[in-house]
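Asks: Position 26, counted from 1, in the sequence shown is what our numbering calls 26; the numbers after and before it change by one each time, with no gaps.
Incorrect hints may have been included.
Listed next, the in silico DSS-like pairs over lysine-lysine satisfying Cα-Cα at most 27 Å (straight line) [said to hold, decoys possible]:
#  : residue 1 : residue 2
1  : K262      : K4
2  : K2        : K313
3  : K37       : K115
4  : K262      : K210
5  : K29       : K262
6  : K2        : K318
7  : K158      : K19
8  : K210      : K263
9  : K2        : K210
10 : K37       : K277
11 : K310      : K2
No lab work stands behind these hints, which were simulated from the structure alone.
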Amino acid sequence: EKAKNHGFNAVLMEVYNGKHAWFTSRRLKTEEPLLEKLAEAGKAADVEVHAWMWTMPNNIPEIVEGHSDWYAVNRAGQPANTFPAYVPYYRFMCSSHPEVQEFVRQNVAELASIKGVAGVHLDYVRLPDAILAEALQPKYHIVQDKEYPEYDYCYCEKCRAGFKAMTGLDPLKNLEDPTANAQWRQYRYDTITHLVNDILVPEVRKAGRKITAAVFPNWESVRQEWRNWELDGYLPMLYHNFYNAGIPWIGQQLTEKISELKKKSPVYSGLFLPALKPEELEEAWQTSMEAGASGLALFNYDSITEEHWKALKSLLVK
């Protein structure tokens with residue numbers, strides 16, 4: 001009700017985090033069937049409830065230990081299940097594997113089948129960051145002036161064999177600098193795009209639901225060519241402080257990315273609330289809307305202070 005009264009049409013509820021499920025699942029470990037309750041609450045408040053899920057990270061112990069072949073491998077030969085980049089939960093699967101595609105499809109199908117859910121929202125639908133946003137690098141005590149082997153994915157046998165079948169080249173053995181090869185980059189973009197467009201989108205549409213995704217402005221760095229995706233909405237994470245940029249950067253990114261979209265679905269300007277003072281919300285809103293956004297997506301609910309709520313109410317009135 002509070003969200004509705006402050007101008008929100010939809011809420012995204014994180015109900016699967018790559019390990020635990022907060023909905024009734026036949027396959028995943030259900031912590032509590034919260035999504036079903038949330039869907040009812042959304043209906044009562046006239047707010048859409050979308051099921052927000054992690055897509056490619058998988059921290060389920062049985063899979064980490066029993067399906068090591070499902071995981072992405074970096075250029076140094078390290079699989080993500082045993083050598084996750086940056087943080088322990090960065091155990092990303094590789095979308096080239098049919099078993100992985102099926103696992104993710106089933107997750108999406110379960111969420112899309114839940115009564116009252118308006119849509120499925122994909123997060124982490126990508127590979128690990130080859131290059132982190134500039135402001136985040138010091139946090140991890142690293143400098144990424146190029147794509148280093150331990151962060152460059154995926155070089156699993158499946159990806160290498162697929163690229164060799166297409167080009168006659170093994171990216172590890174036959175490319176002097178794999179990071180500079182346009183075909184090899186595109187091959188990896190396309191594996192994620194195939195998962196989204198050919199497997200996940202049809203599954204959600206079959207259930208009569210919407211499908212959206214949280215996506216990166218620096219998509220090349222995470223092999224996430226979302227301009228070619230066929231979604232019902234895009235939520236680019238325009239966290240300006242991560243890129244040492246100001247609010248005008250948000251508008252610049254939106255203008256560029258919207259112009260490149262293959263499917264002209266709504267784009268919601270993803271704002272990082274901890275980096276926005278309440279008095280800056282109106283500037284971020286104005287900048288976003290002038291650049292062609294269909295609205296705002298705020299991350300996250302816990303970061304909305306009372307002063308933010310007042311600023312949102314003021315925006316709604318205006």
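Asks: So, for every hint listed, does it hold in this structure?
Replies: Results for each hint:
1. K262 / K4: violated, 31 Å
2. K2 / K313: Measuring from Cα to Cα gives roughly 10 Å; hence the hint holds.
3. K37 / K115: With a Cα-Cα distance of about 10 Å, the restraint between K37 and K115 holds, given a limit of 27 Å.
4. K262 / K210: holds, 17 Å
5. K29 / K262: Distance of about 37 Å is beyond 27 Å: violated.
6. K2 / K318: holds, 18 Å
7. K158 / K19: At roughly 24 Å apart (the allowed maximum being 27 Å), K19 and K158 satisfy the hint.
8. K210 / K263: holds, 14 Å
9. K2 / K210: Within the cut-off at roughly 23 Å; holds.
10. K37 / K277: violated, 32 Å
11. K310 / K2: Given that 27 Å is the threshold and the Cα spacing comes to 12 Å, the pair holds.
Of the numbered hints listed earlier, those contradicted by the structure are 1, 5, 10.
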